[in-house]
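Chemist: Sequence:
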Amino acid sequence: MKKTILLLLIISFSSCSLTKKTIESDRKYSPQKVIRNANKNINKIKYIQAKAKISFTDNKKIQSNTITLRISSNQKLWANATLGAARVLINNDSIKYYNKIERNFFVSDFNYINKIIGIEIDFQILQSLILGVLFEKYDYSSFNEINDEIYSFKKDIVLGKKSFKSMVYISPYNFRILKIIFDDDINKFEVDYDDYLILENQNIPTKITFRNNGVENFHIEIKSIVSLDKINLPFRIPKSYKRINF
0 MKKTILLLLI ISFSSCSLTK KTIESDRKYS PQKVIRNANK NINKIKYIQA
50 KAKISFTDNK KIQSNTITLR ISSNQKLWAN ATLGAARVLI NNDSIKYYNK
100 IERNFFVSDF NYINKIIGIE IDFQILQSLI LGVLFEKYDY SSFNEINDEI
150 YSFKKDIVLG KKSFKSMVYI SPYNFRILKI IFDDDINKFE VDYDDYLILE
200 NQNIPTKITF RNNGVENFHI EIKSIVSLDK INLPFRIPKS YKRINF
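Residue numbers 0 to 245, in numbering that gives the first Met the number 0, belong to the letters of the sequence shown in order.
Hints listed in this document are in silico derivations from the structure and should not be mistaken for laboratory results. Watch out, some of these pointers could steer you wrong.
[What the hints assert, rightly or not] Derived EDC-like pairs (lysine to aspartate or glutamate); straight-line CA-CA distance at most 20 Å:
1) 114 x 193
2) 153 x 184
3) 27 x 148
4) 32 x 135
5) 178 x 138
6) 160 x 184
7) 164 x 144
8) 187 x 101
9) 161 x 182
10) 27 x 189
11) 238 x 101
12) 178 x 191
13) 153 x 135
14) 161 x 184
15) 50 x 193
16) 114 x 194
Starting from the given sequences, assemble the full structure and let the hints guide the process.
Modeler: This is how it looks when you write it as structure tokens:
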């Protein structure tokens with residue numbers, strides 16, 4: 000249970016509400032244009048803050064929590080649970096967590112996440128998955144039209160020391176990523192995206208679901224989101240807290 004809550008904090012995100020949705024287009028674009036635009040889409044927002052509801056399934060029971068998520072692009076991810084009961088700080092080489100109620104803390108590298116989800120990722124990949132942007136470029140030659148609403152592209156990629164078959168599903172109308180799959184015939188990790196909004200001219204997913212062989216299921220629903228001129232990421236582990244391992 001504790002490792003599930005920690006992972007949820009790790010992978011979940013004037014005020015801007017979610018009323019500014021992505022404008023739907025009736026025009027269907029060519030596969031070449033779709034994958035070219037998806038490949039070019041990168042996160043251009045330096046600082047992001049969001050309120051989110053996170054739901055997860057544990058032993059067939061659905062539990063949820065509300066968090067504040069802050070992202071300093073390409074540098075740090077900070078998450079704070081309701082009333083500051085627990086806090087997480089992630090950077091390029093470490094994951095740190097502490098719990099004010101239980102007065103304990105946890106420090107690790109990305110191996111902690113990798114063991115849980117079955118694929119080897121780093122900070123850049125984690126950030127890309129949360130923000131719905133590709134971290135690998137796909138080629139038009141792998142195009143496969145699923146139906147009128149979905150294009151798919153596939154690629155063999157290497158994450159860490161493992162080779163995966165990766166497939167991305169994209170809307171031909173607005174270039175939004177709908178799903179990404181990583182499959183090595185032993186482990187299958189999926190990320191589904193639904194309901195986007197536009198923030199600073201960038202598509203941001205507001206409903207994200209992570210699946211790993213059906214064993215663990217996480218759902219992030221963004222309630223509000225803003226871009227910031229500067230950001231504060233307070234994180235200090237009290238000396239009296241006990242270190243724990245998951």
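Chemist: It remains to establish, for every hint, whether it holds in the given structure.
Modeler: Hint check results:
1. Between residue 114 and residue 193 the alpha-carbon distance is near 26 Å, which puts this suggested pair outside the 20 Å criterion.
2. Among the hinted pairs, residue 153 with residue 184 is consistent with the structure: their alpha-carbon atoms are about 15 Å apart, no more than 20 Å.
3. Of the supplied pair hints, the one linking residue 27 and residue 148 holds, its CA atoms being roughly 9 Å apart against a limit of 20 Å.
4. Distance restraint check for residue 32 and residue 135: the Cα-Cα separation of roughly 17 Å lies within the 20 Å cut-off, and the hinted pair is therefore satisfied.
5. For a cut-off of 20 Å, the pair hint linking residue 178 to residue 138 stands: about 17 Å separates their Cα positions.
6. With a C-alpha separation of about 15 Å, the suggested pairing of residue 160 with residue 184 holds against the 20 Å cut-off.
7. Between residue 164 and residue 144, the direct Cα distance comes to roughly 18 Å. Compliance with the 20 Å bound is thereby established for this hinted pair.
8. With a CA separation close to 34 Å, the supplied pair residue 187 and residue 101 exceeds the 20 Å bound.
9. Our distance criterion of 20 Å between C-alpha atoms is met by residue 161 and residue 182, whose separation comes to about 10 Å.
10. A threshold of 20 Å between alpha carbons decides the hint, and for residue 27 with residue 189 the separation of about 26 Å lies outside it, so the pair is violated.
11. Our distance criterion of 20 Å between C-alpha atoms is met by residue 238 and residue 101, whose separation comes to about 14 Å.
12. With a C-alpha separation of about 4 Å, the suggested pairing of residue 178 with residue 191 holds against the 20 Å cut-off.
13. A threshold of 20 Å between alpha carbons decides the hint, and for residue 153 with residue 135 the separation of about 11 Å falls inside it, so the pair holds.
14. Note on residue 161 and residue 184: the hinted pairing holds, with a Cα-Cα distance of about 11 Å set against a maximum of 20 Å.
15. Of the supplied pair hints, the one linking residue 50 and residue 193 holds, its CA atoms being roughly 17 Å apart against a limit of 20 Å.
16. Of the pairs offered as hints, the one joining residue 114 and residue 194 is violated, with about 29 Å between alpha carbons and a cut-off of 20 Å exceeded.
The structure fails hints 1, 8, 10, 16 (numbered hints given earlier, in ascending order).
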